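> Residue numbers (the working numbering), protein chains in the order written: chain S, 5 to 108; chain F, 531 to 1056; chain V, -7 to 726; chain C, 15 to 197.
These aren't lab readings, by the way, just hints derived from the structure by calculation. There could be a bad hint or two in this list.
Stated by the list, open to error - The list that follows gives simulated cross-link-like pairs (lysine-lysine, DSS-like), each with its CA atoms no further than 25 Å apart:
(1) V:K41 / V:K131
(2) F:K901 / V:K181
(3) V:K181 / F:K892
(4) V:K388 / V:K582
(5) V:K181 / V:K389
(6) V:K131 / V:K181
A quick note: this is a predicted structure, and the numbers were derived from the prediction, not measured.
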Amino acid sequence: MLLNQFLLLSAVLFCIGVYGVLARKNGVLVLMSIELILNAVNINLVAFAALNTDALNTDVSGDVFALFTIAVAAAEVGIGLAIVLLIYRNRRSIDLSEIDLMKG
Amino acid sequence: MDTIADNNWLLTVLVFAPLAGALVMALIPQHDEQSHKQVALLTSLVTLGLAAFLLIDFDYGSAGSLQYFVDTEWIEVIGAGYTIGVDGMSLPLIALTALIMPLVFVYSWNHIPEPGNAKAFLILSLILETGMIGTFVAQDLVLFFVFFEVVLLPMFFMIAVWGGENRRYASLKFFLFTLFGSALMLLSFLALFFLTEAETFNMLELTEIAGAGIPRGTQLLVFGGMFLGFGVKVPMFPFHTWLPDAHTEAPTQGSVILAAVLLKLGTYGFIRIAIPMLPEAAEAWAPWIGLLAVIGIIYGALGCLAQTDMKRLIAFSSVAHMGFVMLGIATLTDFGINAAIFGMVAHGLITGMLFFIAGSVKERYHTLEIKRLGGMLAQAPRLGWILGFVSMASLGLPGLAGFWGEFPAILAAYNPAGGLSEEVFRAYMVVAAIGTVLAAGYLLWLLQRTAMGEPPAEFADDPNIVDVSTTEWIAWAPLLLGIVLFGVAPGLIFEVTDPAVGESLHKCLEAGCQAADLAASSVGGG
Amino acid sequence: MSFLVALAESDSVPTGSTVTDSANWFLEYAWLVPLLPALSFVGILFFGKRMRYKGAELGIAAVALSFLLAVCAGFAWLAHHDDGGYVAVQKSTQWLQSGSVEFGAGILVDGLSVMMLLVVTIVSLLVHVYSTDYVGDDKRYTHFFAFLSLFTAAMLFFVLSDNILQMLVGWELVGVCSFVLIGHWWEEKPNSDAALKAFLTNRVGDVGLIIGTIALFFAAGGGRTFDTVKINEAIVGGDVSQAALVVASVCLMAAVMSKSGQFILHTWLPDAMAGPTPVSALIHAATMVVAGVFMIARLYPVFFEGMQIGGSSINLMATIGAITLVFGGLLAFVQDDIKKVLAYSTVSQLGYMVMALGVGAWTAAVFHLFTHAFFKANLFLGSGSVAHAVHSFDMKKDMGGMRKFMPKTYVTFIIGSLALAGLFPLAGFWSKDEILVGTGGWGLFGDTGGNGAYTFHLLMGMFGAALTAAYMTRCVYLTFHGEYRGGHDHAHDEHGHEAHGDPHESGPRILVPLYILSGLAIVAGFANLPGGFQLVPDSWTERFGHYVEPVGSSYFPKIAHATPSWSLAVVASVVALGGAVVAAYYYFVKVDRLSKETEASLTGLPDGLSKSNRLAGAGHRVLVNKYYLDHFYERVIVAFTKGPLARAAYWVNQNVIDRTVDKAGETAVLAGRHVYDIVDQSVIDGFVDGSGRVSDATGEELRHINSGKVQNYAAILFAMAAVLAGAFLIIFAL
Amino acid sequence: MSLLAALAALSAALSPDGDLYVAQNVFFAVIAVTMIFSALRVVTTSNVVHAALWLVVVLAGAAAQFILLGSEFVAVTQVLVYIGAVVVLFLFGVMLTRASLGDDESVGEEKRGMAAVVGVLLFSVMAIALIDSFEADRLVIDEPRSVSTVSDAIFSQYIVAFEAVSVLLLAALIGAIVVARKD
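Chain S extracted, bound-state conformation:
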């Protein structure tokens, strides 16, 4: 296997995730797209861990980082959903295009 096939897969997923983040209006869907991005990153990390592992050398940093990312993602989803919930409660909508508190 080539390293690149994993990396390119990851790039595709990443960009799809970006597309989702930019294009979706529903807050929950945006969060899902973010999960896509994080997963793309994880694939990258694990692929590099595999690259660095051979008979002489077992550097599993990539794996460890992927685990951390999963943990952080879990935390992020928790908080993100809580926020979405709150917004929904306050505004009866989770349409991101209506959320323009930062508008000048």
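The hints should help you fit chains F, V and C onto chain S, whose structure is shown.
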């Protein structure tokens, strides 16, 4: 390079003391404004004390080399170190920062801008201070970049939350511009890292290498990235449009910090990073930098003449003044760069002071529209006189600090570094000299319209219009004294910067850059 | 008495050098002279209001002490000169260091600077005393004295400078003090306008000064020095390229033109009369305006070589001076304001000095500076005394017949006028005569020598002498003779008083300075009696030149000296007298009779031929409008810079540069949309919609970026990241 | 039995030569295509519940890729945490916000175009960079990395980060409660 063994803690403490203060403040409940103010002021005073100790303890005999040097591993993987140190180039700027911040806090004592929330405001200011001092001591590109960016966010919030009517627009513009610039800058840093064989972010090593081994075309591009990054911050002529908006909308304290210190990060980057690390590219870029600088001088001045708002006028004058600083840098001579550093400090004192005044005027008159003001000398004579005094300093009156930033820069342009065209720079010199006339024009015109004449009817009996208050005096006196002191004894700064600048340019010379051959080019004329 | 001891000390002069750093105490410590008024400025500023006489006493004491020190320095210089010849005293210390070049600060004491110290301190002292009465009830009395002190200090600092950088500092300080003092009554717009005009005009000249200074810095000798002596020595030694000198001298000339009110940049000077009269006296007699003349004298080698004065018959400097002296004199004719007459007279007299320097008559120029200081200060203070009495400066409306009310002022004014007109044996006669001799253009009864044959300038000088005598006659007539025309309805004068009753003589604090100055106006001329006439012992002649002109010193060019000529002296006197007589006939006889016959007010009376002759009328109009120069400056240059040019620049800023940026942001955001639209075959819809957006956006900049929607920010963020990464790739590929 | 060994056995059954590497490539391709398709559905479907389900497919695919890369522990964690917890959380979120099941969300076309351009731009830059940099790197995975190696690394080299993550999780837990609670 490890010149000094002890006292190594000093710089680290100096940099992070404000942050520690901010942490302490984070623990104090929000409604207890008084203690917030006290802690903030105390922290900045401690920092000032440390800076004062630094000033005293600094070995002026070897101002050309880095002192209090610390070089610790930080992010091993990418070769970034926690490398800090201070030499004659950064010392005045550190002192300036440490001086300005307590004054800002004194001023904040009873001038917390709308919508209040002293806690957040002061914490942001303290974070700013850490970022600014950190930038001046960093000797590692990554560290430099981190501090450089640390400055950005607090300023953004300061404008966006405590700004004037149009604050969202101004803050966003500020943010996007600077972010854009710093992204390019980061790119250039990375390019330096990879393209020089050294694979290091250590600024000393990169200065030693001075771009050796990088093809000329690439050097030019990399310098271009830094040019944009630093030039936006300065701001240089076509990238300046964020400045008037940011200044106009920012709260007084924000304007003061912005003018006094933040703009200097850009020019400091030029003399600390861009020029020493890529001397060859610097030489190729210098005429263009000079051109933009003199355009900035004239353009800023003309912009000032067209203004109807006092604060906006002062903001535009910054463009002109930083033009002088950049002109000095563009000459690539030690005269010019010394002048630039002096110009930075002087501009910090003077324009900072002008913004303080603008803030106080706004507070009294509730407007900064020049047409509506007038007769300040009659109603608040001391305020009027201070405005007059600072205007004089700003227009480069000899004997006050502004002069020593302008005149030596013009002087340097007469005889730029060896490889640069004398004709071109002499043309710049003449244009810059004409710029001084325009500077006198807009400042005196401002003075005449705001301070002289009879007070306008709408303010004639306004009880709000009182003379300078005690907190204002305390906040302003050091600046006013500084303007006089450095005007009368410019040697105080020049003698610190000169060895460092000489050292820095000398390295360029060794690295094969055709910088000024000082002895040979002595006979100028015609 | 320590200073007597110090006076008695002999000086040690190293041989072979014309500059020493050790000399008599009073010469070495001459820096105390400017320091005292400077300290008094600080003192008055901070404590003046709390003092008994509101700070005036401190100012007077400081200047008086300075004056004493200057007198002692004068005596010390005489002794010093007698002992060892013309050896300047230079004390210098490091001021700053940049680019491994040390910039010094110090004093250069020689005959020229000692003479200036004396003139400045005595005039300033008298002006201080005079002011205690004149502005006695002004609301900013203390402040006035503070700046009077600073003004004096700045001028003294300037004349003592041993390097041009320091001179630049003093030069500008003088300018800023004049700004403050001219604008002393800033409540009135014309006053602040005048102050602004003075400062800005000077600033224009300063461009020349800055460039000239820098050119000298790099050009002279070993290079990179501001030291006056070193620069001068290098030039005298021929180490400096002619091109550099031409550039430097022309640039410095521009500075002189603005500061010393030479033609085309003189317009600020009459306007500066908006300031209080004592200030006018100080500015126009002893300090500010002669700074330019002093600078030429100090840096004479630069001009002598740069303008190629020797052996020529025309050069820029002499010609500017000559034009100024005639044009200024002509303008003095049409003024109704007594101070403006004197102001234009000053312009004209400065023209004399510059012309004298331009033709190589160094001593004559400096001597004229010396005498002019006294009689012009006398005249200004005299005019102030009159104005104090009638509360107006308008000669035609509010004066006339004043000699009845103010006989003492009248006498002093007459002395000053005669001295100014250059009538024997008053001060002006001697100095003016020397200038005329110095042109070297007089060949009627034998050549007078000199540096060239400046015949044209001699003729202009003669004409100017006649003019001077004539306009002073007019001024004296309008002010002191005829019937008193004042006392009718009065506007507020500069003090805000109403005039009441007949005018009366001024008090002693005004009169005593007038007496002293008119005394000096009589005797000052004897300081430099021409040699070679055998009227007086040789040891009495040319004392001034002997002690002041740095002949034989290493920093002074070798200039030729003209021989005095009997014939020229007589002819010049006759010409001046002729001017006075013609004017006297016209005013004292014709106009007097006319006004008595018709009982018409003088306001309606013509000055000369202007009513009867069209050409003369046109000339009169040109003069009244000051050659339309002010129109040109204000309506054309200033208005253009302030108006269209500044507005255009701002417009470019808002609409081109800013808009470009906004558009770039907008485009970045809209790019996706437009691409999509095109892909979606709805080209027309997209176009219409897009153009609508664009036109919307013109009103509200950055609207789309600034829509506040998170996702737009994110889009920009990602897009920028992609673009940057792309840029990085490209750099790597290179 | 390790999953990788199972894979080898499977591939032996499929191809007579029993070439593990060919099998790996085949599996990669199949899984990758599935993932990309599902990911596209996630970001394009108008039904939120469907999107969550498609997400499950992507996450599962990722887990499979981890196995291919010899990182079994990560794969298992992925299944447990992501599919087991996160997706469930999402479904709860959907229910709580009553984004009524099967609700169409109408996305502005302008936004889609913009997002697509950004995505494509980003991808092309990344692709160029990746192809340029890692052209030659091959992965040779014969046996999985043991859990013990990973745990050694976590509890020695990365202990500080590990602790930090645990604090972060705690903070997130508390934060989520604070943010979402009703009063």
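> Each hint needs a verdict: does it hold in this structure or not?
Tested hints:
1. V:K41 / V:K131: 11 Å, holds
2. F:K901 / V:K181: Holds - the C-alpha atoms of K181 of chain V and K901 of chain F are around 14 Å apart, at most 25 Å.
3. V:K181 / F:K892: 24 Å, holds
4. V:K388 / V:K582: The given pair, whose Cα atoms are some 16 Å apart, holds under the 25 Å limit.
5. V:K181 / V:K389: 23 Å, holds
6. V:K131 / V:K181: 18 Å, holds
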